[in-house]
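Novice: From just these sequences and the hints, can you work out the full model?
From first to last, the protein sequence lines stand for chains A and B. Using this note's numbering, the letters of the first sequence map in sequence onto residues 1 to 219. Using this note's numbering, the letters of the second sequence map in sequence onto residues 1 to 219.
Some hints could be false.
Taking lysine-lysine and the DSS-like style, the derived pairs with C-alpha atoms no more than 27 Å apart in a straight line are [as the list claims (entries may be wrong)]: (1) Lys-10(B) x Lys-116(A); (2) Lys-97(A) x Lys-116(A); (3) Lys-116(B) x Lys-58(A); (4) Lys-88(A) x Lys-61(B); (5) Lys-10(A) x Lys-159(A); (6) Lys-88(A) x Lys-88(B); (7) Lys-10(A) x Lys-58(A); (8) Lys-10(A) x Lys-88(B); (9) Lys-180(B) x Lys-139(B); (10) Lys-88(A) x Lys-139(A); (11) Lys-10(A) x Lys-180(B); (12) Lys-97(A) x Lys-163(A); (13) Lys-61(A) x Lys-88(B); (14) Lys-163(A) x Lys-186(A); (15) Lys-159(B) x Lys-97(B); (16) Lys-88(A) x Lys-116(B); (17) Lys-61(B) x Lys-186(B); (18) Lys-58(B) x Lys-88(A); (19) Lys-97(B) x Lys-97(A).
Don't read these hints as lab results, they were simulated from the structure.
Protein chains: 2
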Amino acid sequence: MINNQILASKLLETGAVRIQPDNPFTWASGLRSPIYCDNRVLLSHPEIRTYVIDLMAKVVKDFEFFDTIAGVATAGIPAGVLLADRLKLPFAYVRSKPKEHGRQNLIEGHIREHAKVLVIEDLISTGMSSLQAVEAVRKIPSEVVGVLAIFQYDLAKAKQAFKEAICPYITLTNFPTVLKVAMDKKLIEPHHMELLSQWSHDPIAWSEQYLSSQTSMSQ
Amino acid sequence: MINNQILASKLLETGAVRIQPDNPFTWASGLRSPIYCDNRVLLSHPEIRTYVIDLMAKVVKDFEFFDTIAGVATAGIPAGVLLADRLKLPFAYVRSKPKEHGRQNLIEGHIREHAKVLVIEDLISTGMSSLQAVEAVRKIPSEVVGVLAIFQYDLAKAKQAFKEAICPYITLTNFPTVLKVAMDKKLIEPHHMELLSQWSHDPIAWSEQYLSSQTSMSQ
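Specialist: As structure tokens, then:
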């Protein structure tokens, strides 16, 4: 795990990561969360975009040898293809489910059999979408040397899922680092830290507790 | 319109474009077609991928001034972000329909109001998906200086659609150029040329005629 504070700071500055303890976001899963991450806004900032790829190009040395890059569709495609361009490696992308029409590919582009593949992801939350992509690549059959993502929430569930899948993963920065930077910048109040720590410890319980508190408030 | 024969040749060599007059493909629309294009396979060939972006970086001079690149999701994202990287410009991508969950963005990343946007597409068939993206960008409101795509089938329907949308478009290569190269390489027989020309003239009529010929053959 890399704890890049410069990137954490840029995520906050651009609004790629937003923290709203008092006004939680609703995630795709329906869960309420005090934090939301949309790294795609980084794409609109050429210097930050380049900084992310610079970091990735350094970090890849921590993985075993690979000869192919795969991006997790859709959000992992831009960073994936930019890194592939930097490293002059073949690129393909992996859908979480096949298209409804056409050739029904899970993998778009071509990954040869027995390739050694680094999977690029935008964000690791529970790790599910990354590990679906890992599974698709392994079925080719090719070898996955690991997953590299821009940001992670640092959830125990993800750690467990990657461990079970026997898949190394690295993120450029993460939730605790963003929190530290947000505190330093006084973007969050000290009393929020306990709340955010509770969320990070068990996001589902946090969400349920938040929702039930809202219900009782409205009664 | 650019008629790049080197790229046409690479499309055929890599199997990005396939021509099977005697065994037509079924497109997403259900139409039968003697030609199929999947430019994503180019992503697995670093030199060809770079060649495509080199060509794009030259061709962009034929558009009016722009300050932002938008890729049409999903296939237009890789070329779009690579071109944005080359030109050091902001990048975003445009979905043809909003995601089912989350922030319901048609545009992922950020395009500022009154930006001057070049839209990058993988393939122009009828022009519909490109022009949906153009419309989404115009609604920001931002200006679209045009659409740049890797390949087009050169269909009259696309020409008409872009004309009606008052939107310039350029492709790096196209169906007639690929046909010429395929003939030179003896990948297709001379008697296929008439069939392919008929298809290009009216793909829907060609598909209907093909399907009815199959029905009568099976009777």
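Novice: Which of the listed hints are not met by the structure?
Specialist: 3, 9, 11, 14, 16, 17
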